[in-house]
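Protein chains: 2
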Amino acid sequence: MSNTKSYHMSTDDFRRHGKEMIDWIADYYETVESYPVLARARPGEVAASLGDELPVHGEGFSKILRDATEKILPGLTHWQSPGFHAYFPANTSGPAILGELLSAGLGVQGMLWSTSPACTEVETRVLDLLAELLGLPESYRSTGNGGGVIQDSASSAVLCALIAARERDSGQRSNRVGCDGTQVAYCSTQTHSSLEKAMGVAGLGRANLRQIEVDERFALDAERLAVQIRSDRAAGLRPIFVCATLGTTSSNAVDPIADIGRICSEEGLWFHVDAAMSGTAAICPEYRHLNDGVEYADSYCFNPHKWMFTNFDCSCFWVADRAALVGALSILPEYLANEATRSGAVFDYRDWQIPLGRRFRALKLWFVLRYYGVEGLRYHIRRHIELTGKLVAWIEADPHFEIVAPAPFNLVCFRYRGSDGLNQRIMEELNEGGEIFLTHTRLNGRFVLRLCVGQARTELEHVEKAWNLVAATAERLRRIVPLTEIDQLS
Amino acid sequence: MSNTKSYHMSTDDFRRHGKEMIDWIADYYETVESYPVLARARPGEVAASLGDELPVHGEGFSKILRDATEKILPGLTHWQSPGFHAYFPANTSGPAILGELLSAGLGVQGMLWSTSPACTEVETRVLDLLAELLGLPESYRSTGNGGGVIQDSASSAVLCALIAARERDSGQRSNRVGCDGTQVAYCSTQTHSSLEKAMGVAGLGRANLRQIEVDERFALDAERLAVQIRSDRAAGLRPIFVCATLGTTSSNAVDPIADIGRICSEEGLWFHVDAAMSGTAAICPEYRHLNDGVEYADSYCFNPHKWMFTNFDCSCFWVADRAALVGALSILPEYLANEATRSGAVFDYRDWQIPLGRRFRALKLWFVLRYYGVEGLRYHIRRHIELTGKLVAWIEADPHFEIVAPAPFNLVCFRYRGSDGLNQRIMEELNEGGEIFLTHTRLNGRFVLRLCVGQARTELEHVEKAWNLVAATAERLRRIVPLTEIDQLS
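In order, the protein sequences belong to chains A and B.
Residue numbering for the first sequence follows this note's numbering, beginning at 1 and increasing consecutively.
Residue numbering for the second sequence follows this note's numbering, beginning at 1 and increasing consecutively.
In short, the hints are calculated from the structure, not lab data.
Source: prediction; values computed, not measured.
Check each hint, because a few of them may be wrong.
No copy is singled out in the list; a pair is fine if it fits within one copy or between any two copies.
[Said to hold, decoys possible] No more than 27 Å apart at the CA atoms, straight line, and that leaves these computed lysine-lysine pairs for DSS-like:
#1 71 / 19
#2 19 / 63
#3 465 / 390
#4 5 / 63
#5 19 / 390
#6 5 / 390
#7 465 / 5
All chains should be built: construct the whole structure from the sequences, respecting the hints.
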């Protein structure tokens, strides 16, 4: 006798509520420009609205959804707003959202090939095709000795690369008996802080990361890198790893990867290329030169969840020698490794990442690539770069402003010709205004405004509005803010 | 003049295709029992079906969805089938899927409180309420010195705990200049392999993990632990960390956490409790004793994405002293830490995890807790344990079978009274049959069948069917498989 009592949502109710949720999301995208881009919630405000107790008895889905509207929405910073120009883009799209929905609905685990073969094989194939689209070398394909895997973030990708480098250098000794503080890694002063964090996580020590000076374009100075490596070797240390960046977070600087790659090749160092921010540009033939020199790289990462309409998390990570990665992260002792895995007939992706479990993240990427097609993706990437170019021209034409770093893709670093304090005030006023959200960085010690053009629906009208707001706000503040106050802020 | 050309999915199309996808998923759940639970795809089969090229021009969503049906479905192992009894449950539910959908639709980043305050505050509040529901100590709440965070997996949670322990012991020295191979951690021979992997990742060395022997119930022997710690200290090593498990993956064994906790407390070791598999039981007052002794723990983890109807990834991780965790994982040097973060007024969750970016994962957990209500969740957890009890009784009543480990919750370890080879053949035949999927482990050197009762819709009829299939397959194989062949397999 079957007991049929159940608190589960029936499939009929799922159909009904699921469609309500789809409409809710469509409504959200249709109205997202009506919300202040940067959340105005004060600390604790959202938490207080949620109540102090879990419900004893279940609540209706409509009530839950109403609470999402009333309590969650006011506490969000709207990353999908066309007026979002802060940090980095984390753009999404219809096909990506529906791919994530399908992944959640199927609820399969991809930790081993056998726990859901399609979960592994779609990922491997899509990353092979994407490697080709980006002009990455043959060695990165699963058909050779390499292969690609989806990580949650570029932070995790660089950590995995670093551990693979650590073990290649130590012959698995660090994995077995621990690190000894003699291994050294290299990046530039502009490299994302996730590498410094990874040095700590991996037991190598943050102080063993050498942050090499950059040139006037904020790109790593390869000469200085070579000198530092020799100096470290002379001091009895073991150089193991170099990270170069194609499009730094701070200013979108492009490191000279061919020069760096040759040094790594001569010195026998693991060379990782972080193209998280800007790697998408290489899907356009005219920007593929971005990847010149990548043939020297042992690993490469770019984030479709930043600038390719695929919602977070989807960070694509390739290695030229998958055995080095798997050897560093596999938990099976070698004598238990199976022939199928070793031969490359199947990949067990748990051995390509830190966690064991994994969702079917390749679905959303596969949906995006197919729905847009290569030309559809290229169109929007080119459009973002074109709009960025217009913005650069407007800034250059205004004598009150200056561009402070090259803008090769879709990020502009600029400042009002005035004190740091005035620039900070301009940014704060703009963000409080709610129509746009932009953030800052420091370059050559100065406070610099950053404006990124990367949300899916950011169009000419939005960039025009942003620029007009920036210029008008600067002009207004210049007149009303006493100079002494500005100086105090500097 | 706005350029309106676009390859994006319009909101109208999103409404239409989104509803198609919702119906597709509902249809899937209505028919999931018609598919073989374990995928029958051969290596390379799915990949070959996907074609060798990315489309130049975008494809219609209906075509993409049709491919998902024709090419993906046959390559899946159906984790949501009521006949899935393998590994661990990774169950999901309507409200969880729709929470994930909302998270994908909003597309916000929760790396900092300010990048979307609601993303952080819902998570903090929900984990506070959940801590109360599980009977976890006051110290784990955000209102004290502790707090909870959602990790992608218990693997990542134990890695974070281990790094916090490493830094507490070394006074941030390991983070700064690297590990020195003298720090030692402890677990049992039955602890999940993710800890051994974490020892390697964290630069501590896998050989510095002491796997303590277990008792006849496969639970860690606290006496032996104390002896090993003393012996390591005498050898000049630094014991730093102990992991105890509530419900091991292999046999669901429950370590004596009060005894282990007292030892950790006396010795000053970081004590982590991994309740990933079975912690959900503590939401029922009659199983809350599971957590007796957890007041000694520095950190605790349980996975709603295993046995609480919340789709992967959702691993809840609490610490008693958040400053220790944040201090180990924050990339800001201490002199730059801000007062708001330190005072607990806001949490920046990037400092509670390995990656920088993070999705709004708390939404699905919040949806599940509200939709089911506390009593709804308890009903289904009790029901799974009750069904497991029935299965145990049937096995015990059959003289051909034996139970080989206690079954405190929803996992049964048993074997046919025959050779290991025969048991392996039984498992393989059952899995090839497609109606159920179960996996194995080794206990006391013998091949043991594991049957887990944890999928959302697994009911009495499914457990009955599974048992009848097991018994009938065993009986049939015992008669037809020549003894010599069985012995060769052993």
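Hints, verified against the model:
In this assembly of identical chains, residue 71 and residue 19 lie within 27 Å of each other by CA distance both inside one copy and across copies; the values are 21 Å within and 25 Å between. In the homo-oligomer, the alpha carbons of residue 19 and residue 63 lie at most 27 Å apart both inside one protomer (15 Å) and across protomers (21 Å), since each shortest distance falls under that limit. In this assembly of identical chains, residue 465 and residue 390 lie within 27 Å of each other by CA distance solely inside one copy; the values are 13 Å within and 67 Å between copies. Taking CA atoms no more than 27 Å apart as the test, residue 5 paired with residue 63 passes inside one copy only; the shortest distance there is 23 Å, against 38 Å between copies.
Taking the closest pair of Cα atoms, residue 19 and residue 390 never come within 27 Å of each other, the shortest separation being 40 Å inside a single copy and 39 Å across copies. With identical chains, the CA atoms of residue 5 and residue 390 are at most 27 Å apart between copies only, with a shortest distance of 18 Å across copies and 63 Å within one. In this homomeric assembly, residue 465 and residue 5 come within 27 Å of each other (Cα to Cα) only across copies, at 19 Å, whereas the closest approach inside a single copy is 57 Å.
When each numbered hint is compared with the structure, a violation occurs for hint 5 only.
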